[in-house]
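**Student:** Note that the protein sequences, when read in sequence, are chains A and B. Under this note's numbering, the very last position in the first sequence is 167; numbers go up by exactly one each time. Under this note's numbering, the very last position in the second sequence is 1270; numbers go up by exactly one each time.
No lab work stands behind these hints, which were simulated from the structure alone. Virtual Cβ for every residue (Gly too), placed ideally from N, Cα, C. Check the hints yourself; a few may be wrong.
[As the list claims (entries may be wrong)] Below, computed lysine to any residue pairings styled on SDA-like, alpha-carbon distance capped at 20 Å:
1. K1262(B) / Y157(A)
2. K109(A) / S1254(B)
3. K109(A) / Q1195(B)
4. K1262(B) / S122(A)
5. K109(A) / R1251(B)
6. K1216(B) / G1187(B)
7. K1216(B) / T90(A)
8. K109(A) / G1261(B)
9. K1262(B) / R163(A)
10. K109(A) / F1188(B)
11. K1262(B) / P91(A)
12. K1262(B) / G68(A)
13. K109(A) / N1162(B)
14. K1262(B) / S138(A)
15. K109(A) / S1252(B)
16. K109(A) / G1190(B)
17. K109(A) / G1187(B)
18. K1262(B) / L147(A)
19. K1262(B) / D137(A)
20. K1262(B) / L1210(B)
21. K1216(B) / P91(A)
22. K109(A) / N1253(B)
23. K1262(B) / T90(A)
24. K1262(B) / Q93(A)
25. K109(A) / N1189(B)
26. K1240(B) / S138(A)
[Said to hold, decoys possible] Label-pair restraints from in silico Cβ distances:
27. S1186(B) / T155(A): 21 to 29 Å
28. F112(A) / G1212(B): 29 to 37 Å
29. L167(A) / D1164(B): 18 to 26 Å
[As the list claims (entries may be wrong)] What the simulated footprint calls covered on chain A by chain B, stretch by stretch (three residues with Cβ under 8 Å from a Cβ of chain B suffice, anywhere in the stretch; the number is not a length):
30. 64-78
31. 128-138
32. 155-161
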Amino acid sequence: KAGVTQTPRYLIKTRGQQVTLSCSPISGHRSVSWYQQTPGQGLQFLFEYFSETQRNKGNFPGRFSGRQFSNSRSEMNVSTLELGDSALYLCASSLGAQGVGETQYFGPGTRLLVL
Amino acid sequence: GQNIDQPTEMTATEGAIVQINCTYQTSGFNGLFWYQQHAGEAPTFLSYNVLDGLEEKGRFSSFLSRSKGYSYLLLKELQMKDSASYLCAVRRSNSGYALNFGKGTSLLVTP
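Next comes chain A alone, as it looks inside the complex:
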């Protein structure tokens, strides 16, 4: 089985622009979660989607949004980019059944640099 894929892998944007990142989960997985990783804050949960619905949301401003499509692929969008949005954005997929111990599998991430 192919793993979680994310595109693009690297991105450079300027302040005020917006960006869209894409994630394709492992085949058969229906839950997709997004995380932001920075050296100062570590890995922080952004949101989780299941069956095209946002199921959970972290403490990020409304500039961060996402969606999930019927094939479970997900996108996240960041509008009005700020310098502090420079980070590694990781997508993780799970089956979605919320079984005990069900594991999240991470993609390679998209490294975003905001200038």
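Following the hints, put chain B in place on chain A, whose structure we already have.
**Tutor:** Using the frame of chain A, we list chain B on its own:
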């Protein structure tokens, strides 16, 4: 909210044993995960504990005490390739798949 604390850095010698501790405070605990992350790569799953006790997986073991809000990851027979960041993460019962991560412990294995 919750706090997850783990040491920032550790150093150990090849062939030795190292224990990485993690303490947490949370409401509605629903499992603790350990991930390994090599520089520039994605986190990879190592272990999961939801009940008290020790889970063993080859060279890696993880322990949980829910009453103490404490877990550790034990790495035996250290190899150079074990140099990585080790992330402790807690799942809450009302948060679906959302994992709350500690800031990670950077382990350096020396010859």
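**Student:** Output the indices of the hints that this structure fails to meet, ascending.
**Tutor:** Failing hints, ascending: 3, 4, 6, 7, 12, 18, 20, 21, 26, 29, 30 and 31.
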